[in-house]
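A.B. asks: Given the coordinates of chain A, assemble chains B and C onto it according to the supplied hints.
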Amino acid sequence: MDLLTQWLGWLPDLAPGLGVSLQLTGLSLLFGFPLGLLFAVMAASKLAPLQWISFLFVEIGRGLPALVLLYLLYFSLPDAGITLTSLMTAIIALTWNTGAYASEYFRAGLAAVPLGQKEAALTSGLRGWSGFRLIILPQALRISTPPLAGLAVLVFQGSALAFVIAVPELMSKAFEIGSITFEYLSVYVLTAVVYGSITLVFLALVRVLEWRLGRHLQRN
Amino acid sequence: MGLSFGTKAPPTALSGEVVVTGLGKSYGAARVLSDVNLAMNEGEVVSIIGPSGAGKSTFLRCLNYLEVPTEGKISIGGAHVVAGGKLPDKASLDHLRRVTGMVFQSFNLFPHLTVMENITLPQRKVLGSSKEQAQAVAERLLKRVGLPDKAKAYPARLSGGQQQRIAIARALALSPKVMLFDEPTSALDPEIGLEVLAVMRDLADEGMTMLVVTHEMHFARDVSDRIMVMGNGGVLEIGPSEQVMSQPQNERTRQFLKAVLDR
Amino acid sequence: MITQLLSSIAQGVGLTLYVTAASLIIGGVIGLVLVGAARSPIAIIRSIATLYINIVRVIPPITWLFLIYFGLPQFALRLTTIQAAIIGFSIIASAFMAEIYRSGLLSIPDGQREAAHALGLSTVTTVGHIITPQAFRVALPAIATYGIGLLKDSALASTIGVREITYYAQQCAKQTHEGLLSFVVAGLLYIVISLAVALVSRRVDLTLRRKIGVA
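Read top to bottom, the protein sequences are chains A, B and C. Numbers 69 to 288, taken from the numbering used here, label the letters of the first sequence in order. Numbers -16 to 246, taken from the numbering used here, label the letters of the second sequence in order. Numbers 153 to 367, taken from the numbering used here, label the letters of the third sequence in order.
Below are the DSS-like pairs computed for lysine-lysine, each with C-alpha atoms no more than 25 Å apart in a straight line: (1) K135(B) - K363(C); (2) K160(B) - K56(B); (3) K363(C) - K114(B); (4) K56(B) - K69(B); (5) K126(B) - K108(B); (6) K73(B) - K56(B).
If the Cβ cut is set under 8 Å, some of the chain C residues that face chain A in the computed set are: (7) A307; (8) Q322; (9) F335.
FYI, nobody ran anything at the bench for these hints, they're computed from the structure. What you are looking at is a predicted structure, and each value in this text was computed from that prediction instead of being measured. We treat Cβ as the ideally placed atom computed from N, Cα and C, and that holds for glycine.
So here's chain A without its partners, still in its complex pose (with noise of 0.2 Å):
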């Protein structure tokens, strides 16, 4: 059996996979990148009811495991009255799991910026809002980059969990291809090598990146 051809055959089938697992992994990071955001500065609040609901948000999406957190809201929610697609279910869970792990980068994007910056921007008349948003969150947000940028790479992976309610994506299709021709040694290699290629590009985009941020730091 030529392996190559057998792929060659089944790439068609797992095309429409991968770009729900990509659909899945962009709108995930669209909205978890904000909710991180929001959850890291209702945790530097004063309002001890927004770091609360910060903190139970933020532990909840970091404790559980990721499968967990996808199966509590796909059998609860209908439960509550609200019927989504798989699709919509899994973004959502997803969704919490990365504002979970993005609101800590924040957080230590935010803290890392010296006090002297902070300092700074009060003595040069900016204060409160316009301070944060036009001097503490930029570099806070440049010491944040790398990290949330694995952090992408991760949620890419995680988007492979979907496969177990039934989202139509990538590993779903490979699981389809497997069930019909029982090559399921070459099907899952297959798509090892799909997600692998995927990441690397991820992370060769990662490294471009961080190498584009450090350079204002850089000598010459």
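C.D. replies: Showing chains B and C alone in chain A's frame:
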């Protein structure tokens, strides 16, 4: 005053504990040491001084092959090595490291071992001493460096000066023939450095052969027999301590001493 | 209701712990070999180790599990679900543990190696008595954090039928229609175990630090 081994006269005719001939080191095209010669008699103390970047530490670290010299010959306490840009055979390397003891600027005690273990582990692994033998040696040396009550302490609990005295004891425990000191007081506050210098002075009085890279001009003048001045990876001059300090022959030595002593 | 759910789902705790611990230990040993190989003087061995670590890390854990559980029987290699899960997670853990060891090794100052050389200690003694104990202490918090990560990843074993916490939670959710409660209970079990691991590791770390007197 014939004791001036400049860069021109190779001291092959001299015998003694330490004979270094034509030692050089390059990283690719960059030359960090060139043609360093030094002959020391048993029991002699030589201080190496000079501006930073002169190659003092590199030279010292070449002597026990922490840095690999690219040319020259090293002969210390019966260990002979011809440099060739790579590590010598295992027997020669082991021998060289057996006869030299080294004290570092940053102490480099093993932080996960107690003071006692720091001193006994090398004895047991290198000399094959029994636990009791090693402990007896350690206790004697701890007394000698003035820290008999610190055997059970971990290094991080000790002051820098205490750590450095332990490091000296650890090196002495292997009965080296020559002690190499790489700026032993540079990481210490001046008054703390004095307690380390006192131990070194005792060691010199007891007849240990010592080679000391230092910024302590008082130590260099008062304790060492000779001073070697280095600059730009080479020897500027070497001579009796008094003479080098009071009547330096080399113009760059004069500039260096003026800069240091005026401070 | 909740006590009933708890007693059903808690049946899975044993296998969750078993799969996690076995994979962490096996992966930890393979990781040691990997980190040794990655520092080998022989270039081919170095590249193989690096390649292995990279390949393992760019493939999602669930893909590894399926590859092993469904794929390997094609070679007449019949595995139980538990064996497949432990093999899969051991492979994954080995790559991450190798990275953890590596950064532990990097954190040891050069002066430690130099002092050992200057004293004439052999390579074996230097690695065994000087470098490894220090690297292990430095790596301990990271190992514990990774162990907790692996504990959460082990939930994936339910997808190939290992009867661990998530598996039982799923069964309960289907049978009792208490979806929310079932997974809240499962989640709590994971959090309790994680907290216990974190507490123990922090205690051990603190004790070791206090013992040798570093902050």
